[in-house]
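In order, the protein sequences belong to chains X and H. The numbering used here numbers the first residue of the first sequence as 60 and each following residue consecutively. The numbering used here numbers the first residue of the second sequence as 60 and each following residue consecutively.
No wet-lab data here; the hints were simulated from the structure. Among the hints, a few may not be true.
Copies of one chain are not kept apart here, so a pair can be met inside one copy or by any two copies together.
Claimed, not checked - Below, simulated DSS-like cross-link-like pairs (lysine-lysine); rule was C-alpha separation at most 25 Å, straight line:
{"no.": "1", "residue 1": "Lys-364", "residue 2": "Lys-456"}
{"no.": "2", "residue 1": "Lys-532", "residue 2": "Lys-273"}
{"no.": "3", "residue 1": "Lys-282", "residue 2": "Lys-561"}
{"no.": "4", "residue 1": "Lys-530", "residue 2": "Lys-193"}
{"no.": "5", "residue 1": "Lys-561", "residue 2": "Lys-136"}
{"no.": "6", "residue 1": "Lys-516", "residue 2": "Lys-456"}
{"no.": "7", "residue 1": "Lys-532", "residue 2": "Lys-516"}
{"no.": "8", "residue 1": "Lys-168", "residue 2": "Lys-442"}
{"no.": "9", "residue 1": "Lys-292", "residue 2": "Lys-456"}
{"no.": "10", "residue 1": "Lys-522", "residue 2": "Lys-136"}
{"no.": "11", "residue 1": "Lys-401", "residue 2": "Lys-268"}
{"no.": "12", "residue 1": "Lys-219", "residue 2": "Lys-156"}
{"no.": "13", "residue 1": "Lys-64", "residue 2": "Lys-282"}
{"no.": "14", "residue 1": "Lys-295", "residue 2": "Lys-193"}
{"no.": "15", "residue 1": "Lys-115", "residue 2": "Lys-168"}
Note that this is a predicted model, so its numbers are computed, not measured.
Number of protein chains: 2
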Amino acid sequence: MSQQKIVIIGGVATGPKAAARARRLDADAEITIIERGKLLSYGGCGMPYYIEGKVKEISELMATPAGVTRDIVFFDKVKNVKVLNETLALSINREAKTVEVVRVDSDEKQTIPYDKLVLATGGLPLIPPIEGIKTGHVFRLNHPDDAVAAREAITSGGVKRATIIGGGLIGMEVTEALAANGIAVSIVEMFPRLLPTILDFEMSHFLAKHVQAKGVQLYMEEKVIRLEENQGKVCKVVTNKREIDTDMVLLAVGVRPNTNLAKVAGLAIGSTGGIIVNEYLQTSDPDIYAGGDCVENLNLVSGQKVFVPMGSTANKHGRVIGDNVAGRSSTFPGITGTAVCKVFDYNVGRTGLGEEQARQLGYDVVTALVPSSDCAHYYPDNKLLLVKIIADRKTGKLLGGQVVGAGDGVKRIDVLATVLRFGGQVSDVGTLDLGYAPPYASAIDILAHATNTIENKINGLAKAVTPMEVKAKLERNEDFILLDVRGPNEYAAIRIENSHVKLIPLGQLRFRLAELPRDKEIIAFCKISLRGYEAYRILVGAGFENVSFMDGGIVAWPYETVSGNVK
Amino acid sequence: MSQQKIVIIGGVATGPKAAARARRLDADAEITIIERGKLLSYGGCGMPYYIEGKVKEISELMATPAGVTRDIVFFDKVKNVKVLNETLALSINREAKTVEVVRVDSDEKQTIPYDKLVLATGGLPLIPPIEGIKTGHVFRLNHPDDAVAAREAITSGGVKRATIIGGGLIGMEVTEALAANGIAVSIVEMFPRLLPTILDFEMSHFLAKHVQAKGVQLYMEEKVIRLEENQGKVCKVVTNKREIDTDMVLLAVGVRPNTNLAKVAGLAIGSTGGIIVNEYLQTSDPDIYAGGDCVENLNLVSGQKVFVPMGSTANKHGRVIGDNVAGRSSTFPGITGTAVCKVFDYNVGRTGLGEEQARQLGYDVVTALVPSSDCAHYYPDNKLLLVKIIADRKTGKLLGGQVVGAGDGVKRIDVLATVLRFGGQVSDVGTLDLGYAPPYASAIDILAHATNTIENKINGLAKAVTPMEVKAKLERNEDFILLDVRGPNEYAAIRIENSHVKLIPLGQLRFRLAELPRDKEIIAFCKISLRGYEAYRILVGAGFENVSFMDGGIVAWPYETVSGNVK
Numbered sequence: 060m061s062q063q064k065i066v067i068i069g070g071v072a073t074g075p076k077a078a079a080r081a082r083r084l085d086a087d088a089e090i091t092i093i094e095r096g097k098l099l100s101y102g103g104c105g106m107p108y109y110i111e112g113k114v115k116e117i118s119e120l121m122a123t124p125a126g127v128t129r130d131i132v133f134f135d136k137v138k139n140v141k142v143l144n145e146t147l148a149l150s151i152n153r154e155a156k157t158v159e160v161v162r163v164d165s166d167e168k169q170t171i172p173y174d175k176l177v178l179a180t181g182g183l184p185l186i187p188p189i190e191g192i193k194t195g196h197v198f199r200l201n202h203p204d205d206a207v208a209a210r211e212a213i214t215s216g217g218v219k220r221a222t223i224i225g226g227g228l229i230g231m232e233v234t235e236a237l238a239a240n241g242i243a244v245s246i247v248e249m250f251p252r253l254l255p256t257i258l259d260f261e262m263s264h265f266l267a268k269h270v271q272a273k274g275v276q277l278y279m280e281e282k283v284i285r286l287e288e289n290q291g292k293v294c295k296v297v298t299n300k301r302e303i304d305t306d307m308v309l310l311a312v313g314v315r316p317n318t319n320l321a322k323v324a325g326l327a328i329g330s331t332g333g334i335i336v337n338e339y340l341q342t343s344d345p346d347i348y349a350g351g352d353c354v355e356n357l358n359l360v361s362g363q364k365v366f367v368p369m370g371s372t373a374n375k376h377g378r379v380i381g382d383n384v385a386g387r388s389s390t391f392p393g394i395t396g397t398a399v400c401k402v403f404d405y406n407v408g409r410t411g412l413g414e415e416q417a418r419q420l421g422y423d424v425v426t427a428l429v430p431s432s433d434c435a436h437y438y439p440d441n442k443l444l445l446v447k448i449i450a451d452r453k454t455g456k457l458l459g460g461q462v463v464g465a466g467d468g469v470k471r472i473d474v475l476a477t478v479l480r481f482g483g484q485v486s487d488v489g490t491l492d493l494g495y496a497p498p499y500a501s502a503i504d505i506l507a508h509a510t511n512t513i514e515n516k517i518n519g520l521a522k523a524v525t526p527m528e529v530k531a532k533l534e535r536n537e538d539f540i541l542l543d544v545r546g547p548n549e550y551a552a553i554r555i556e557n558s559h560v561k562l563i564p565l566g567q568l569r570f571r572l573a574e575l576p577r578d579k580e581i582i583a584f585c586k587i588s589l590r591g592y593e594a595y596r597i598l599v600g601a602g603f604e605n606v607s608f609m610d611g612g613i614v615a616w617p618y619e620t621v622s623g624n625v626k
Numbered sequence: 060m061s062q063q064k065i066v067i068i069g070g071v072a073t074g075p076k077a078a079a080r081a082r083r084l085d086a087d088a089e090i091t092i093i094e095r096g097k098l099l100s101y102g103g104c105g106m107p108y109y110i111e112g113k114v115k116e117i118s119e120l121m122a123t124p125a126g127v128t129r130d131i132v133f134f135d136k137v138k139n140v141k142v143l144n145e146t147l148a149l150s151i152n153r154e155a156k157t158v159e160v161v162r163v164d165s166d167e168k169q170t171i172p173y174d175k176l177v178l179a180t181g182g183l184p185l186i187p188p189i190e191g192i193k194t195g196h197v198f199r200l201n202h203p204d205d206a207v208a209a210r211e212a213i214t215s216g217g218v219k220r221a222t223i224i225g226g227g228l229i230g231m232e233v234t235e236a237l238a239a240n241g242i243a244v245s246i247v248e249m250f251p252r253l254l255p256t257i258l259d260f261e262m263s264h265f266l267a268k269h270v271q272a273k274g275v276q277l278y279m280e281e282k283v284i285r286l287e288e289n290q291g292k293v294c295k296v297v298t299n300k301r302e303i304d305t306d307m308v309l310l311a312v313g314v315r316p317n318t319n320l321a322k323v324a325g326l327a328i329g330s331t332g333g334i335i336v337n338e339y340l341q342t343s344d345p346d347i348y349a350g351g352d353c354v355e356n357l358n359l360v361s362g363q364k365v366f367v368p369m370g371s372t373a374n375k376h377g378r379v380i381g382d383n384v385a386g387r388s389s390t391f392p393g394i395t396g397t398a399v400c401k402v403f404d405y406n407v408g409r410t411g412l413g414e415e416q417a418r419q420l421g422y423d424v425v426t427a428l429v430p431s432s433d434c435a436h437y438y439p440d441n442k443l444l445l446v447k448i449i450a451d452r453k454t455g456k457l458l459g460g461q462v463v464g465a466g467d468g469v470k471r472i473d474v475l476a477t478v479l480r481f482g483g484q485v486s487d488v489g490t491l492d493l494g495y496a497p498p499y500a501s502a503i504d505i506l507a508h509a510t511n512t513i514e515n516k517i518n519g520l521a522k523a524v525t526p527m528e529v530k531a532k533l534e535r536n537e538d539f540i541l542l543d544v545r546g547p548n549e550y551a552a553i554r555i556e557n558s559h560v561k562l563i564p565l566g567q568l569r570f571r572l573a574e575l576p577r578d579k580e581i582i583a584f585c586k587i588s589l590r591g592y593e594a595y596r597i598l599v600g601a602g603f604e605n606v607s608f609m610d611g612g613i614v615a616w617p618y619e620t621v622s623g624n625v626k
């Protein structure tokens, strides 16, 4: 295998990682990276933090942990990897096993032979069909140059209002970055909620309340039609519903896999738009590997191929490809659909399937919605976290989980992602030996609480309705009692104000059963659903037949509440 | 099953949890809790934080998340559970199925019949054979009353120096609590290191440096012989090596299972000293269940029975027992040996087996020692975390993990505990789809980094020596080169000063190979072992045969270093 030629197209994440790994395994191979841009091996996910000013120099995104910049000289001297940057790969000749490239600045062409070829061509930003999108102060976030341009616009002053088109992961990260610079931010999102592919309705609503509390304007289910300019700079975003004055626009509508080279070379492309690879990350041509944002991945939970670009996946791909091109046999098992994101003071995350997605796949879905403190409730630093768990009623299998809140949610997502990887049950989660000490968790962790709730539902010990179902009942003015079992002070502070609501504090419930009609449906709730569940069990124990509790309590109620004195 | 009598002995964690669960499942059962103390259902793990003053009122440890105190009235009204507190269980008559109890304050005896009996008798503090241990200002931490007494001593003034006997979990938590009150703390520990049952040598040493930097005096491998008093209060701790002036002593030497009742009743007791229970948490008498700190647990990694008291386990036990006494069939699978602890600014944790323990069980142990930032190294809030992973070379099975550092280590312990639960391999860890965004993790998470290192070692791609092995070589003055591949500025800032050390920065290594002898052993290292590994691969690639790298780099070097100008 020695002295073989390994050519890698793409120098951001998968490419350099594959090169470095291959070099460590094969000291003699001739390894070449072809990169269209000037910069190499940058942490693209750090761009929002550069725009914010948290990361001071864009070069930090290209530095090793020891502070050395990963440039051409670094790759040459340290890694013995040749880099052709500002060089575009034009075409692949699979029969001759060559790549034709051209220098961007000189039009100088070159034909590079390979034994093994790696496609790490990344993603291309989706360009929505918006009139005026090439106006000044309209920024994308696909390359460090974009981030530098956006940061320059901010620091040069004059940007007081910004509009972000797209409420996905990048959109949310940039929202925080801009707001931290004192800019009034509006978000326009085509879908009816923030992070539409990450969070279910009620979780997204919980996030939206936080984002709005930070002064951000949300325009959901709106489509941007055109951008208007003034003296070459964007000044107005026109949607199908309104006009938004703005000094800056950030396009965060996502990326698509960059498969141009692969397509022309006749490699198989999947229905997701990504290059098809097997578990060795081999394309339909066994001498060509592909990884990172240009390929599709197997979602281990759904069993389906998906396009989910993620920097962490790209790096894992790089290592597997480095192994395989250097003659070792390595596989990439797939993903579980994990995504996390910091949004102001909230930690947001999901893994596995969403509720709707699980239904579409034919699962008999059962969920739990649990707001609780992320550590011992007497520990002063405890913070609220809203957790949603999604499972299959028939098999008890865990299907997915979501978190939103100031509490430590990412830890819980990591645990759920690990359980999903092993195909675990909800009953496994409740008895995991997770780290417990008051600063880190409750003696009964929120994950155990949530999965115990699901087990109770599966076993017929708990019957719950979602806040959305309750809302629908209220709107249809159904004849039922929405039983608030909190204390009078809690009720005065915040409540669902509706004639269906009746207040009986939990401590009095056993003694005031006569006040409740046995022929009407009763739905109990409290602040977080713990006392609501208790009330439900008391009523069941007392022979009430048409009774349930509302998931998540008033904390997770995604609709209007009333505060202050009771009328 | 209805109207059956469930009697529970112990009202702290397992007991109340079992009672509440049983009540929700069986509305008619007669449920009685017998508790020797006055207080019920308290979060004993919160006591260090009450002593610190972070938790303001001791009653907060007995409150529900909604702020209601879990007292007799609460259990009666809300849970319909009868509580006999300040009542001691004297004996169990298994044939008659009765428990004889006595009121602590009146000597009034009573015989209580049961259908199902639950032993949740907890642990008893170990009382070391120290002369003068009953002196004033010598505190234990077994009951909220102990915490109240200790807090009173602190707030009344006059406590300037405190000595903690025992450097285990409670000892470490109390250390922080006392230091936060401006008290000069000394720790005396019989074993040669802090947290001896939790952390391996090099991990414990990393923690010790932090604790010492906070001004704490550590006296390891010392045994307390006696306490001396002045006017009824402790004034001196006399060990086998020194005398320590002190104003207060905290005994934190651990607990043993309280099995007195069980023993007399003839129930089977394990070699760990805990009550033997099966997976249903049933004792050798099928009508008697036991859980919490009085039973032994199955360690799922070692397959051995262990005594590991833990509040989280006690609560899980309670739920399983509640199910089983109410006629549902539930099992507790066992533990993986997880423990976490906050020590000043450091997060500390472990799960699974330690290195020594794994060796004793006959595993062919392979480890990785990786210091790295806990999130993207360019993200301003990143913090250092030292991770150790322990695996079986033969099967690639994960055996355990440990973390120490300011970085988010508990999250990583939770992931490893989950992998251990499913019997996973180290290779599984590296490809887990963990949450990635710059505030939470690196694109290649520290766990992947550590498990990839182990895989490289197993596959013969990486040969490493531990810092302990290097130290031994230096002390034997073996003829080898300890190759520091960091930059000259890093070397000037902190280094291992020894004639065996040679400095060649990684970027120059490929061009200065001639300076290195091919007949001598070479051990490369850097700050965190990343460049050290790279250097090792370069030397292997260049045909050097007797070469390796030092695990963990200088960051994890548990011995003396030198700072400042090079001589």
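- List in ascending order the numbers of the hints, as given earlier, that are violated by the structure. Structure breaks hints 2, 3, 4, 8, 9, 12, 13, 15.
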